[in-house]
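Number of protein chains: 2
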Amino acid sequence: MNPIRDLVSIVGDAGLLTDEGAMAPYSRDWRGMFHGRPLAVASPRSTDEVAAIVRLCQQHGIAIVPAGGRTGLAGGATPDDSGNQLVLALDRMNAIRDVDALGETITLGAGCILATAQAAAAELGLMLPISLASEGSVQIGGAIATNAGGTNVLRYGMARARVLGLEVVLADGTVLNGLRALRKDNAGLDWKHWFVGSEGALGIITAAVLQLVPATPHASTALLGFASCDDALDGLRHLRARLGDSITGFELMARAAVDRAAALLGTASPLPDQPWLVLAEARSALAAIEQEMPDACMALIEREIIADALLASSGAQAQALWRLRESLAEAEAHAGRSLKHDISVPIARLAAFVAEAEAMIGAGWPAVALNIFGHAGDGNLHYNVIYQDDADIIGLSAAVHDLVTGYDGSISAEHGIGQYRVEELSRLTDPAELALMAQIKRLFDPSGILNPGRVIPLASA
Amino acid sequence: MNPIRDLVSIVGDAGLLTDEGAMAPYSRDWRGMFHGRPLAVASPRSTDEVAAIVRLCQQHGIAIVPAGGRTGLAGGATPDDSGNQLVLALDRMNAIRDVDALGETITLGAGCILATAQAAAAELGLMLPISLASEGSVQIGGAIATNAGGTNVLRYGMARARVLGLEVVLADGTVLNGLRALRKDNAGLDWKHWFVGSEGALGIITAAVLQLVPATPHASTALLGFASCDDALDGLRHLRARLGDSITGFELMARAAVDRAAALLGTASPLPDQPWLVLAEARSALAAIEQEMPDACMALIEREIIADALLASSGAQAQALWRLRESLAEAEAHAGRSLKHDISVPIARLAAFVAEAEAMIGAGWPAVALNIFGHAGDGNLHYNVIYQDDADIIGLSAAVHDLVTGYDGSISAEHGIGQYRVEELSRLTDPAELALMAQIKRLFDPSGILNPGRVIPLASA
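In order, the protein sequences belong to chains H and D. The first sequence runs 283 to 743 under my numbering. The second sequence runs 283 to 743 under my numbering.
Bear in mind the hints are in silico, worked out from the structure with no lab data behind them. One or more hints might be untrue.
Unchecked claim - Pairwise CB distance ranges (calculated):
#1 H:D684 / D:A377: 27 to 35 Å
#2 D:G548 / H:A634: 53 to 61 Å
#3 H:D541 / D:E608: 52 to 60 Å
#4 D:Q601 / H:D577: 24 to 32 Å
Built from N, CA and C at the ideal position, the CB exists for glycine as well.
Please work from the sequences and hints to get the whole structure.
Right under this line is the structure:
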């Protein structure tokens, strides 16, 4: 009984890595926070091969860690160091199976890269509105399994909102074929939603039908300066009242975070007198947005809600503003070690949370620096802390998460739980909810071979 | 051991009906298709009372049929005739608990009427975009439990897309409090989606947080005439390519259906030379839509994609067009008995389905008349059949559903399964999917007291 030989017989020689060097990229996450040692890395070519691998692993009691583009921030796709977990890489299941311009759908293998799918949609004059900094590496299956967020959520929702149909391999090798391209389907329990955001713990997503949207060729981008976080949220409300959900992005950035990014890019830090900046973008099929967005911003400047603004007058200027936004995480990495929090609170309580958290950290953890940015239009902040020494952050994350919980917020707005936050989830979630999650896990995966210890605390599963 | 006495002690005298006359409205559905005999009708005032009722029913083995506004079309809220099923009416749990203009959320008891919630949203300059002909009676809990559709789905999705948080009472009386007002929350399995569309078979929804959207004060409405169903779909594609998802409604109506409605209203039937009509509506926060929509329609008339059109030049004209659309179902009722099919197919295959279904019915069921209308932008047709005699429709529904299944469609696009379509669901659904639904049902409701026989076939549950 040699599972490696059996795996080769399923995926072929080219589909199995067992050499430590070759497996290295699958043995750690891209940030270097999580390290493991896989039994092997199997790359199936088809749904049937995935099912065969699952059945084999079930026989041998081998745990499976599904891996997509491995761009996650929670260690969900990194095996443990037991040497007994098989990484199941969807890389070779990357086909675009179908695109439908009238139905506005695209059908994809789980391994298809997000940017590839976006390009296929764009060729039809349509858009796949999942926008992530890592979209050149993210795979569709991973984006669905983690219910990915990003900068388009305000207008288009999370990855879940795009999913019309799924194909899933269950823990016993059963294939659920739900690759339906229907906008409306209330025929029985809609099981596809059980797998979105389940991080591979309930089944392995092998293909999906996604709903596309019409392109929005007209855009207007502005960098807005605000005297306070409260003002920024007031600006959001006024812009949405006037422009509706043409407001597709409302990215809040604290002064210090912008300064770090500008230094990294070697540019002057924009609107230097303003403590809070927002990269706001409006998009529409209607050309009128190109005039209405600047008009709306000017009106808010006159009313002193917006303190100062840079209105992009060209695509190049807009791109430069987005480059600043997209450099925030890299600039943070250059500033020291960083402790990331991916939190959300009700939008109306965001400013109060920011004030209380800053006071709390200033009093209790004086050696750290804050690097705050995020999708304020969604109530989601990357409330990150830069530090140099482990001793300076003892108890800090727990305190932030306690505060978030007190604000009826979430300790994982868009990054998921993975292995990184599974203990905090266990600590802060209502026992009745945890018990239900654990029951579902046991129902779908009674022998616990699917991404064990991720998402659902092992103790409760 | 008298469960009626115990029920009174929970909900009070005013909260329990046992008199046959008083229970009559809860004993049948509004179309008169389903009739039953409840043990009693209990109307709790609080989540705790719902939990107490569930625990009591669990002790006594009494089945619970949750009832909202009882506007459904599938008999999901009508008890059977055993006299042993308790109707649990959410009528008194109708509070608006909170509205949040900045967060764009509303928190409601399950019994709140949809129109009441819409009005509360409108007072904030926001919109609750679930639009149903029955919105003056529909309760929020029922809309969520059936994942209601309607005329706004093209732009805003089904009821599921509005649900940010849920409070649910489980079969053992456990209360899950997930009334979170977060746009983004990936902290563990997102259990609220297990209950949306579950028709009361997995738990009882007692309250919800819904996401509102900015109002769209600018609108343009047109009645478009097309030479064929294919042309109508071509028109949809062109309008969306130019106006994006400003297109909020695209309601297809067959000639005969429009003629029946016009006769009912006592008006001339519009665009009488066109076999297919579409009520198209575009809405936006941008005033430009009021010019762009007519311009786009004129361009399609010049290209002979639209054969003829009536462009509403006032709100009154737009309302008259909508009145026609909303009279289709009533006109159908006046024309004879009707056999309703609530089907969806991939939009690109809709015209082919319509042609094949018409040929099939013409050949096999010559005595019936078709009354076709629906949300073509969603691929959803109310493919209804008017008949006078039961003998004329033997086997017709099964044949329509077989055809739909062959087109990779759904036999229930928006009405749900209830008791009406549970056998067809059982007949036409993949056994692996049915088995999974049944396992979930057993996990959530091991003794089978929650709306038994609805949604999930009893045999598999």
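Status of each hint after checking the structure:
no.	hint	verdict
1	H:D684 / D:A377: 27 to 35 Å	holds (30 Å)
2	D:G548 / H:A634: 53 to 61 Å	holds (59 Å)
3	H:D541 / D:E608: 52 to 60 Å	holds (57 Å)
4	D:Q601 / H:D577: 24 to 32 Å	holds (31 Å)
Of the hints listed earlier, there is not a single one the structure fails to meet.
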